[in-house]
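Protein chains: 4
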Amino acid sequence: MNDYIFETRMEVRDYECDIEGIVNNAQYIHYCEHTRHLFLKACGLSFAEMHQKGVDAVVARMQLQYKSPLRPDDEFISRLNLTKEGIKYVFHQDLYRVCSEDGADTTPSEQLCFRGKIELVCLVNGRLANSEDYDRAFQQFIANKDSRC
Amino acid sequence: MNDYIFETRMEVRDYECDIEGIVNNAQYIHYCEHTRHLFLKACGLSFAEMHQKGVDAVVARMQLQYKSPLRPDDEFISRLNLTKEGIKYVFHQDLYRVCSEDGADTTPSEQLCFRGKIELVCLVNGRLANSEDYDRAFQQFIANKDSRC
Amino acid sequence: MNDYIFETRMEVRDYECDIEGIVNNAQYIHYCEHTRHLFLKACGLSFAEMHQKGVDAVVARMQLQYKSPLRPDDEFISRLNLTKEGIKYVFHQDLYRVCSEDGADTTPSEQLCFRGKIELVCLVNGRLANSEDYDRAFQQFIANKDSRC
Amino acid sequence: MNDYIFETRMEVRDYECDIEGIVNNAQYIHYCEHTRHLFLKACGLSFAEMHQKGVDAVVARMQLQYKSPLRPDDEFISRLNLTKEGIKYVFHQDLYRVCSEDGADTTPSEQLCFRGKIELVCLVNGRLANSEDYDRAFQQFIANKDSRC
Numbered sequence: 000m001n002d003y004i005f006e007t008r009m010e011v012r013d014y015e016c017d018i019e020g021i022v023n024n025a026q027y028i029h030y031c032e033h034t035r036h037l038f039l040k041a042c043g044l045s046f047a048e049m050h051q052k053g054v055d056a057v058v059a060r061m062q063l064q065y066k067s068p069l070r071p072d073d074e075f076i077s078r079l080n081l082t083k084e085g086i087k088y089v090f091h092q093d094l095y096r097v098c099s100e101d102g103a104d105t106t107p108s109e110q111l112c113f114r115g116k117i118e119l120v121c122l123v124n125g126r127l128a129n130s131e132d133y134d135r136a137f138q139q140f141i142a143n144k145d146s147r148c
Numbered sequence: 000m001n002d003y004i005f006e007t008r009m010e011v012r013d014y015e016c017d018i019e020g021i022v023n024n025a026q027y028i029h030y031c032e033h034t035r036h037l038f039l040k041a042c043g044l045s046f047a048e049m050h051q052k053g054v055d056a057v058v059a060r061m062q063l064q065y066k067s068p069l070r071p072d073d074e075f076i077s078r079l080n081l082t083k084e085g086i087k088y089v090f091h092q093d094l095y096r097v098c099s100e101d102g103a104d105t106t107p108s109e110q111l112c113f114r115g116k117i118e119l120v121c122l123v124n125g126r127l128a129n130s131e132d133y134d135r136a137f138q139q140f141i142a143n144k145d146s147r148c
Numbered sequence: 000m001n002d003y004i005f006e007t008r009m010e011v012r013d014y015e016c017d018i019e020g021i022v023n024n025a026q027y028i029h030y031c032e033h034t035r036h037l038f039l040k041a042c043g044l045s046f047a048e049m050h051q052k053g054v055d056a057v058v059a060r061m062q063l064q065y066k067s068p069l070r071p072d073d074e075f076i077s078r079l080n081l082t083k084e085g086i087k088y089v090f091h092q093d094l095y096r097v098c099s100e101d102g103a104d105t106t107p108s109e110q111l112c113f114r115g116k117i118e119l120v121c122l123v124n125g126r127l128a129n130s131e132d133y134d135r136a137f138q139q140f141i142a143n144k145d146s147r148c
Numbered sequence: 000m001n002d003y004i005f006e007t008r009m010e011v012r013d014y015e016c017d018i019e020g021i022v023n024n025a026q027y028i029h030y031c032e033h034t035r036h037l038f039l040k041a042c043g044l045s046f047a048e049m050h051q052k053g054v055d056a057v058v059a060r061m062q063l064q065y066k067s068p069l070r071p072d073d074e075f076i077s078r079l080n081l082t083k084e085g086i087k088y089v090f091h092q093d094l095y096r097v098c099s100e101d102g103a104d105t106t107p108s109e110q111l112c113f114r115g116k117i118e119l120v121c122l123v124n125g126r127l128a129n130s131e132d133y134d135r136a137f138q139q140f141i142a143n144k145d146s147r148c
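Residue numbers (numbering that gives the first Met the number 0), protein chains in the order written: chain A, 0 to 148; chain B, 0 to 148; chain C, 0 to 148; chain D, 0 to 148.
Just so you know, these hints were derived from the structure itself, not from any lab.
One copy or any two copies: either way a pair holds, since identical chains are not told apart in the list.
The calculated DSS-like cross-link candidates involving lysine-lysine, where the alpha carbons are at most 27 Å apart (straight line), are:
id, residue 1, residue 2
1, Lys66, Lys52
2, Lys40, Lys83
3, Lys87, Lys66
4, Lys66, Lys116
Input sequences plus hints: build the corresponding full structure.
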């Protein structure tokens with residue numbers, strides 16, 4: 000188990016599923032984006048307000064593993080960790096299905112459904128740059144942390 | 000104020016907004032659909048399971064009023080009421096922005112952002128029909144209720 | 000048959016379909032929006048550029064009729080007509096499935112799948128107003144036309 | 000330049016863009032999925048029909064590089080190549096913006112905007128398996144081809 004720094008609980012909405020009856024692959028990107036923006040808000044920054052200031056965090060690369068499909072009526076927990084590698088913010092984001100408990104055991108178990116490594120860079124007024132706002136917001140998390148994997 | 004029979008609290012996700020910086024018009028349909036499916040679940044039915052049984056509720060008509068755009072970081076409450084008109088289920092669905100309280104008043108105020116009248120019919124194995132499952136699930140709400148407006 | 004002023008051919012993309020195996024209701028709003036923006040471009044205006052100039056066309060009301068669901072692999076034609084009622088632009092938008100021809104008849108037939116009446120107003124720098132740009136772009140179509148239905 | 004085996008031309012739809020005014024990251028997954036399904040159709044298979052037969056191609060991994068954002072009014076060409084590695088189909092998918100020609104040169108130039116390596120496996124009745132239908136459809140392309148990169 001990794002030491003995550005943020006998590007939020009979500010549920011699958013039926014409109015996110017496609018004709019295979021499972022959550023469409025693109026939707027996982029949305030789940031991850033929403034989780035990052037909630038994390039950002041918890042750090043004191045609004046993604047929308049930063050955009051209006053001319054500071055945009057944009058995705059440069061993603062490595063995604065689809066391990067077990069999320070389905071209608073599933074609840075899941077979206078967790079993330081953060082490292083900084085040079086100018087890049089690297090988010091390690093995992094989605095865990097909350098499995099309904101059965102029998103005497105009241106502890107709900109979890110199943111890893113999706114793992115993403117998502118690298119972002121900042122554009123300040125359209126140019127690649129370090130954002131002081133983002134660096135300050137993330138300071139406590141990236142200060143002395145090594146990259147996972 | 001109408002006498003709603005179900006409500007759920009949601010928040011705008013940034014990816015639901017478009018280049019105008021406000022929630023895209025199509026997304027309100029998603030909010031309403033998700034609210035109906037949560038209501039359905041509260042009534043003991045799963046939309047996905049009903050589909051697998053061959054019972055599909057499909058939209059026949061919508062009348063939508065966009066009153067004030069939902070924006071990034073907005074929280075809102077999705078409320079609904081239900082009537083039955085002939086073979087049709089008619090959902091009256093309103094979205095209210097939760098306005099942040101200011102000053103001494105600790106009661107958050109609300110603003111109506113969207114109002115929809117959404118008519119659904121049931122297809123049982125592909126044919127227009129009354130669904131006993133849906134009728135039973137909604138029984139307590141549509142028993143002796145007249146149509147609003 | 001109405002006298003449409005613009006049409007474009009589209010095809011259903013599988014990701015637009017939901018667990019019922021048909022195009023999700025919200026997607027029809029997207030089809031209509033995209034058609035309006037293509038029409039706008041044909042009239043010499045870019046929706047994105049207008050937004051940057053501070054002119055936004057926003058939806059005030061919609062009346063939507065879902066007549067026959069669009070399905071995977073369907074092709075369809077999106078047609079529109081336009082009237083002006085006071086300050087509002089009223090788009091009459093219909094989606095027709097192109098049915099594959101069978102037998103000797105080589106004329107593909109069409110089936111009306113969706114009908115929408117979509118009312119937009121213009122915001123200029125955030126305030127309700129007549130937009131000279133939009134009025135000029137639409138001039139030839141709304142000059143002396145009465146409202147349909 | 001790679002030797003692609005399939006391509007299709009698409010245009011950015013405004014609703015695919017988010018508050019940053021560029022195509023949302025998740026939408027590239029949709030572009031790639033739609034391109035694969037068009038390719039599949041060109042090979043004689045319908046994704047939707049295969050699903051009804053109990054054969055689902057599902058994504059196991061993706062490696063995505065976002066090189067230059069697609070914007071409103073952009074046209075682009077979606078190209079793909081295919082290799083087979085063990086049980087996995089590996090799609091190499093690139094999106095190129097079509098840049099408007101300027102001056103005397105009438106050849107439109109192109110810019111690589113997005114590169115994805117997308118690995119799929121087949122589930123036959125829910126179990127990991129080789130699909131004869133998919134193998135036959137792709138036969139001419141994966142017969143004696145080595146993996147790119």
